[in-house]
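Enquirer: Sequence:
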Amino acid sequence: MYATLSDIPRPDTLISAYEARLARICVGSNADFRETPPSRAREFDDILRTLELLMLDARSRRNMAVPAISRLPEEVITMILKLVAAEDEPRPQIDKSLVEKHENGDLTDRVADRQLWDKTFNEGGCLGWIRLTHVCRSWRSLLLSIGSLWSNALGRLPLADEELLQRIGEHSLLSVMATDTPFHLHRPQIFRKIAALDFVGRLRSLRLVGVGPTPWFIQHVEELHAMIWASLELLEVNYAAEPWTEDLVSHSILQTPSLRVARFEGYLISFESKSLRELSLNFFVSGSAGLPTDALFDILRKNAETLECLELVDPFALEFEQEAPSLTKLCLSRLQRVRLVQNFAETQCAFFKSIHLMPFVQFDIELYVEISGSRSREDFSDEVKPLLDAIAGYNPGIKWDGAAIFPPPDGYDNVLCFQLYDRPPTPTSMSPIAMAGSEPFNPDNAKLQLRVTNGAGYDPRDQTITFTGISHLLNPDHLVALSFGGFTMWEDTDIAEAITQFANLRMLHIIDPLDHGQSLFNNQSRISNNFPFLSFSGRHDRASRPLVSSALANDHFAPSSALDMLWLVQSAGKSRFSCSTWCNIIADQLRQTFCDAEAVYEAKPIKVLRISYLAEVLDGDEDVARAAFAEVAGVVEWMTG
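Each residue of the sequence shown is one higher than the one before, starting from 60 at the first, in the numbering used here.
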């Protein structure tokens, strides 16, 4: 780049034309502008404007000749390349024919629903974002200067490990992911290279994925136990062993003082850490008998003072229930969340009796039952109540005031999900922004998330057995806020029977209120006259007027109406009727349901009717909705998607 005019080589056509133009204006020589008459100022203005236009034209022509992305600042291009690298990771080569053999075996059946294993089995070799180094010289130079990208690719391409190590630089921390299966063409050798270069202390994260009769390459990590893994913050192992493999715990202990997150699936690498925050032990995939009880409680005891999040998926040995009473009770004083997946409630109950937790802990529980028939309520009480009592024991006097009950997103007909709250949202605390969503209850705030699989049958209507059995254990009279919906195969009688238990509801949130039972046939004559979510006997008699719950005692909504809030949500793309028809059908149902409510309540039956209609709407639909519901609701709130 030129610093002054004198730096421009002569002769130059553009400079010559410029000097000739100035010569006609200036009185003296071209260099003596002090003798220029003041009257010539306008001519200089013309020259300046001409030069500006020439500069704009030249810049425009230049930009047309250069790709648009090259005109972005280097910082922006770097950010884009990092985002691309996160989405398009390099993958090692696999033998497709060997993959097909595994697709028909028990191994794939156990892991096919897991995203990580799907990638391991189904995605072939690819350079990923590294291909961008061949686009142009500037991109290659930029990518080569970002050592963290190359460090994150370590182990993914076994034949390129040495070159990647050269590109990382001397200061970047290392992130290694290594995969070893019968259908991968090359076994990982990254650990021997790291050990030879004395790079173990630079490892920040380590992810290991393995399939086979023995954890061959995982054991190579254990060979480095004499070294200090000073920078390691994340350790993750995903290992699918042969069924009923017994030795799933390493005997060597890694020294990882900075480890914060440890996740083990199928195999446990023993470690020592001073800062562990999150621990996950998942032994469902191994098909094994779980961890020995002493190994399980040893790792919990070593990290009891720092652990904040704990996940246990089928980790217990077959003898755990007999061994648990002899264990010294373990206090996890900093634990905030615990997720426990175990088929038998008795085993979960034995675990909770073996540990001590603080009242602020949140629970995420999955369990399996086989309950049906006329004694279903008693059977639920026998099997599940001890578990719920053990959880409630950490919060003496706890009352479940709010609940969200729904089928699982994965669509299993014999599964039911509960989100339970000891402090539900009140009508005045609901954020207007949340109206656009279909879930007013934030699952992150749930005190207990409970997923129950009932193996007694796969009829969707059998969900009502689970619904009734679990709800009865929660003391439904205390419940004042309920979110309910998504049960497309339930009939009106099923819905009414399920919700009848909750006699003191003050808030009711319904998802897709017309997408169930006979309503699915798009025939208005087959739709119930009453609103099934409220049409149960005795609800609107003066003698059964709802009580004031402690959760709402300070709220300005007084129980002078049947409900403080009814929130109806119609999901996007699922409405079987036009918006106006949808509103008129539900309004007619509510009028029929509350036809005698004026004699019971001093005000309209519903304080606030909130509608979140996320499907397609037309002009005038809001006016139709407000007019249709005006008779039953004091306030109608309207929100579209």
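Some clues are possibly wrong.
[Claimed, not checked] Computed list of lysine-lysine pairs in DSS-like fashion (alpha-carbon distance at most 30 Å, straight line):
id, residue 1, residue 2
1, 333, 444
2, 361, 333
3, 444, 458
4, 412, 361
5, 444, 412
Hints are computed from structural coordinates only; laboratory data are not their basis. Values in this document were obtained by computation on a predicted structure and should not be read as measured data.
Enquirer: Check whether the Cα positions of residue 412 and residue 361 lie no farther apart than 30 Å.
Expert: Roughly 19 Å between the alpha carbons, so the hint for residue 412 and residue 361 holds.
Enquirer: Does residue 333 lie within 30 Å of residue 361 when you go C-alpha to C-alpha?
Expert: Holds, at roughly 9 Å.
Enquirer: Take the C-alpha atoms of residue 444 and residue 412, compute the straight-line distance between them, and say whether it is at most 30 Å.
Expert: With a Cα-Cα distance of about 14 Å, the restraint between residue 444 and residue 412 holds, given a limit of 30 Å.
Enquirer: Below or equal to 30 Å on CA atoms is what counts here, so check residue 333 against residue 444.
Expert: Not OK: residue 333 and residue 444 at ~37 Å, beyond 30 Å, violated.
Enquirer: Can you confirm whether the C-alpha distance between residue 444 and residue 458 stays at or below 30 Å?
Expert: Satisfied, since the Cα-Cα distance of roughly 15 Å is no more than 30 Å.
Hint compliance for this structure: hint 1 alone is broken.
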